[in-house]
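J.: The residues making up each chain are set out below.
2 protein chains.
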Amino acid sequence: MKFLDFNKTASYKKLLKTAKKFKPLELGSVLDTARIRGCSTPFAAGLCYNWAAKHSSTSLLTTLQELADEQELIEKYKLLLDGEVMNTGEKRRVLHHLLRGQLGKNVVEKGNDLGAFYKKEFERYSAFAGAVHSGKIRGSTGETFTTAVQIGIGGSDLGPRALYHALEGWAETENKRKLKALFISNVDPDDGAAVLSSIKPAETLFILVSKSGTTQETLANELFVKAKLIKSGLEPSKHIVAVTSETSPLAHNKDYLDSFYIDDYIGGRYSGTSAVGGVVLSLAFGGETFGALLEGAHEADKNALIPNISNNAALLDALFGVWERNFLGYGATAVLPYSQALIRFPAHLQQLDMESNGKSVNRFGKAIKYVTGPVIFGEPGTNGQHSFYQLLHQGTSIIPLQFVGFKESQRGEDVEVEGSSSQTKLNANLAAQIVAFAKGKADSNPNKAFSGGRPSSLIYGQRLTPQALGALLAHFENKVMFQGFIWNLNSFDQEGVQLGKALTKKALSADSGDAALDEYARLLGIK
Amino acid sequence: MKFLDFNKTASYKKLLKTAKKFKPLELGSVLDTARIRGCSTPFAAGLCYNWAAKHSSTSLLTTLQELADEQELIEKYKLLLDGEVMNTGEKRRVLHHLLRGQLGKNVVEKGNDLGAFYKKEFERYSAFAGAVHSGKIRGSTGETFTTAVQIGIGGSDLGPRALYHALEGWAETENKRKLKALFISNVDPDDGAAVLSSIKPAETLFILVSKSGTTQETLANELFVKAKLIKSGLEPSKHIVAVTSETSPLAHNKDYLDSFYIDDYIGGRYSGTSAVGGVVLSLAFGGETFGALLEGAHEADKNALIPNISNNAALLDALFGVWERNFLGYGATAVLPYSQALIRFPAHLQQLDMESNGKSVNRFGKAIKYVTGPVIFGEPGTNGQHSFYQLLHQGTSIIPLQFVGFKESQRGEDVEVEGSSSQTKLNANLAAQIVAFAKGKADSNPNKAFSGGRPSSLIYGQRLTPQALGALLAHFENKVMFQGFIWNLNSFDQEGVQLGKALTKKALSADSGDAALDEYARLLGIK
Chain Y
3 MKFLDFNKTA SYKKLLKTAK KFKPLELGSV LDTARIRGCS TPFAAGLCYN
53 WAAKHSSTSL LTTLQELADE QELIEKYKLL LDGEVMNTGE KRRVLHHLLR
103 GQLGKNVVEK GNDLGAFYKK EFERYSAFAG AVHSGKIRGS TGETFTTAVQ
153 IGIGGSDLGP RALYHALEGW AETENKRKLK ALFISNVDPD DGAAVLSSIK
203 PAETLFILVS KSGTTQETLA NELFVKAKLI KSGLEPSKHI VAVTSETSPL
253 AHNKDYLDSF YIDDYIGGRY SGTSAVGGVV LSLAFGGETF GALLEGAHEA
303 DKNALIPNIS NNAALLDALF GVWERNFLGY GATAVLPYSQ ALIRFPAHLQ
353 QLDMESNGKS VNRFGKAIKY VTGPVIFGEP GTNGQHSFYQ LLHQGTSIIP
403 LQFVGFKESQ RGEDVEVEGS SSQTKLNANL AAQIVAFAKG KADSNPNKAF
453 SGGRPSSLIY GQRLTPQALG ALLAHFENKV MFQGFIWNLN SFDQEGVQLG
503 KALTKKALSA DSGDAALDEY ARLLGIK
Chain V
3 MKFLDFNKTA SYKKLLKTAK KFKPLELGSV LDTARIRGCS TPFAAGLCYN
53 WAAKHSSTSL LTTLQELADE QELIEKYKLL LDGEVMNTGE KRRVLHHLLR
103 GQLGKNVVEK GNDLGAFYKK EFERYSAFAG AVHSGKIRGS TGETFTTAVQ
153 IGIGGSDLGP RALYHALEGW AETENKRKLK ALFISNVDPD DGAAVLSSIK
203 PAETLFILVS KSGTTQETLA NELFVKAKLI KSGLEPSKHI VAVTSETSPL
253 AHNKDYLDSF YIDDYIGGRY SGTSAVGGVV LSLAFGGETF GALLEGAHEA
303 DKNALIPNIS NNAALLDALF GVWERNFLGY GATAVLPYSQ ALIRFPAHLQ
353 QLDMESNGKS VNRFGKAIKY VTGPVIFGEP GTNGQHSFYQ LLHQGTSIIP
403 LQFVGFKESQ RGEDVEVEGS SSQTKLNANL AAQIVAFAKG KADSNPNKAF
453 SGGRPSSLIY GQRLTPQALG ALLAHFENKV MFQGFIWNLN SFDQEGVQLG
503 KALTKKALSA DSGDAALDEY ARLLGIK
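Top to bottom, those sequences are chains Y and V. Here the first sequence is numbered in the working numbering, starting from 3 and rising by one per residue. Here the second sequence is numbered in the working numbering, starting from 3 and rising by one per residue.
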């Protein structure tokens, strides 16, 4: 297997040439019924990726296919599935796909089959959640648990939180709602204090999530929570479960009611489908619901194995993203779900993408000479339309758009106003935006003119179910993975967070040895 | 008064030359105690703007001062304060500053003093809120109101929502909490259904907010809410107040318990300090609290009148932003409040900035030839540190950072772990990040090296009080205004939202006449 820097590939040079002849405004004139029908890739759980409103042509697709083949993207994905050490910096395997099913060889370490280990943990926390729901497991004063509070930050917060909000409406409608879930992440004491002031401690089960068991914010919040439990006359060890690795100080620890395990091969931002997401989601909506989410993710992972880029949604999405970033010079991507349930999904994708591919060295640790991961941001539509869409339509920079929409709402409650339901209005807005961005509008008054030629893609499905959510999550994980392979990055480490951690320790010491650091600490009242 | 395109100014050419000699890495070596102390501009309510970690030098500041003088930024601000028609496209005055106090001439229209009108409305809704709190005004079945639900979108949602969350912790600690507030914005029926499923209708007062009284999403949600009230056996007209303009169909309407007014001179994204924010915040925390917020904003507005850029925080912030955007080529700005209470503040600033200055034509409607508003995004620290900071530290694009921090937490509840409180840890992290971005770190392993030279600024204060929040809000409003003047834009219209609205209407009709629009509508299940 070759691991080439992107600018050393033949496809890179070919794409540079293609970019020179590129005419963005053609998008508006080519967008018609046939193109929209022809540019749709079904990938999993009834979801399709539609790329009719991307700047694509037969010849561009040919070159992108060449790039996929030349950089051996599918082969690299298979290596990863087979348990190769693809996180080169930290010398770790990358096994989040194995959490939702097996697509490669058995991955065995020290005699343990890791696929079986992940499956066993899923079954354990699924059963644990069942025992909480049935009232077999209760709080230290005998109360039934009604609320779960996850304590974690970064990947232990953003993914699980996004998934939780994404399924609340579905679960309430389908009668799957078991517990309410809340989240404490920030070391800002106002975060924990606000959550703790809103709950009944005797009915609350806390989920302490830290792979290493050493995360500063999470350990501080654990003590905050324990103090509250003790003050409420409760026994903390009956109100806290841990999600961690077996080598962490939190593992096999009598301070916790139970513990569920991941390992070093599950990166934080890829841990939504592990116990990190699974415990809280199983408590909230049942293990069966979380199992359905895993199925949807597994189906998307399978789709990502298809070598023909037109049939592989994640791969095609990745390739368009690289074309836009490296050759058209677009520096950001907006994620715009037309689904209120996906309110925190853009924040999760922001971590997933920017932490994975916001890098300047290749997987061997050598500096590279091309741009990598873009800025990712977004809010649900139609809210965003009344906010930053002005810049998207008429600003001086072009920002590719990633739309998501569903035919049906989650809750099915609706109202008819002026001949249409709110769900219909929502989707009419979404259809209108895609066309508006692509085609624009001429006007003799330049202030009312829209240049068009602004590319977007659309992921659409019937309804945001657990399966669809799993597929959506895995789609983006795989997109980011393929982009990392194209750019020859290690998408699975995060050395960029280390310097801040080290300087924080210094700032907390009496004399940091850095005058600037001490002065900022003084400004902020801590010295 | 001259209104010159930015690239026609002498300062523009001078800054182009300065940029050619620019060395970003100098930032790390110049950042010391003296610089940090010397680069602090107090502006309002105890807040300071610190710009020590910006790429600035005495000569750059001189050129930026020349730019401020040449583009007559203070004079243009004064014109606006005096009620000139600064929203040239829509031919409207721009009067949000007048909501919080008078700094210019009396603005009189058709015999009415508009400053007095805004003041009267503030007094009216403040008194109304008092009557709700005292129980004088109750629901249609005699229940005391415990919950307020704002129905609005865009500026009627993002600003008020951000301000509400920003003050909850303060209010609960200071015993100022009166009502709980919730928000319905999206036309996605799941948004309204979720909120309505969580409230007791008999105890809920709805605030219907639409300046024009014709906003599609808001009117659909109004009917959704009315249906719920009727189904609950309640009289809708006793449970809804309107915030609108006097010429809208919602005004002077017996369907509502009361109505509070703004006018066309208060732009949506600038309406946080009008009745749009004031009614819900007064209901939640009392009119006195909202009055304190207005005072803080007024103080920041006054600071923005100072011609010397080193003493005018909003102006200096604006100038640095233009320097970074137009001459250093940085395409995005991250807003990073180290305060969980500011969780939705970045989303508000995203609208404020991107909708105001995401434009490609000047205030006369002519195309311009330079870049304007950047992408704005952000999440609270320390959460963001565990997410997208990887890209900020080691990505291939440099993104300027706007930090915000406070010495004290809002709630004062805290826990000591390993010798420091959580609030101290929070601020140690903030100090560490500023230094890490500025100075970087050499390392023989490029994957562990940080180039540094990544600029940031810091707004800091004692505690996030209503006054401080008002000052923070006005700071950014004024920053955006000054940048609009520099770029010669009209920052107060939003023609970029119109095409989507028109196409949505078409998509809702039986035959839109646009085959692509119809096909997307079919994909999304609405045709």
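Accuracy of the hints is not assured; some may be wrong.
As the list claims (entries may be wrong) - Stretches of chain Y that chain V covers, calculated by requiring three or more beta carbons in the stretch to come under 8 Å of a beta carbon on chain V:
1. 239–252
2. 421–431
3. 467–474
Stated by the list, open to error - Ranges of calculated distance between the beta carbons of each label pair, as one might list FRET restraints:
4. Y/108 with V/515: 56 to 62 Å
5. Y/108 with V/28: 52 to 58 Å
6. V/225 with Y/77: 41 to 47 Å
7. V/103 with Y/140: 54 to 60 Å
8. V/87 with Y/524: 43 to 49 Å
Rather than coming from a laboratory, the hints here were simulated on the basis of the structure. No experiment lies behind these values; they were computed from the predicted model shown. Yeah, the Cβ is synthetic: ideal placement off N, Cα and C, and Gly gets one too.
J.: Does each hint hold? Answer for all of them.
T.: Results of checking the hints against the structure:
{"no.": "1", "hint": "239–252", "in the structure": "violated (count 0)"}
{"no.": "2", "hint": "421–431", "in the structure": "holds (count 11)"}
{"no.": "3", "hint": "467–474", "in the structure": "violated (count 0)"}
{"no.": "4", "hint": "Y/108 with V/515: 56 to 62 Å", "in the structure": "holds (58 Å)"}
{"no.": "5", "hint": "Y/108 with V/28: 52 to 58 Å", "in the structure": "holds (55 Å)"}
{"no.": "6", "hint": "V/225 with Y/77: 41 to 47 Å", "in the structure": "violated (56 Å)"}
{"no.": "7", "hint": "V/103 with Y/140: 54 to 60 Å", "in the structure": "holds (57 Å)"}
{"no.": "8", "hint": "V/87 with Y/524: 43 to 49 Å", "in the structure": "holds (47 Å)"}
Of the numbered hints stated above, those contradicted by the structure are hints 1, 3 and 6, listed in ascending order.
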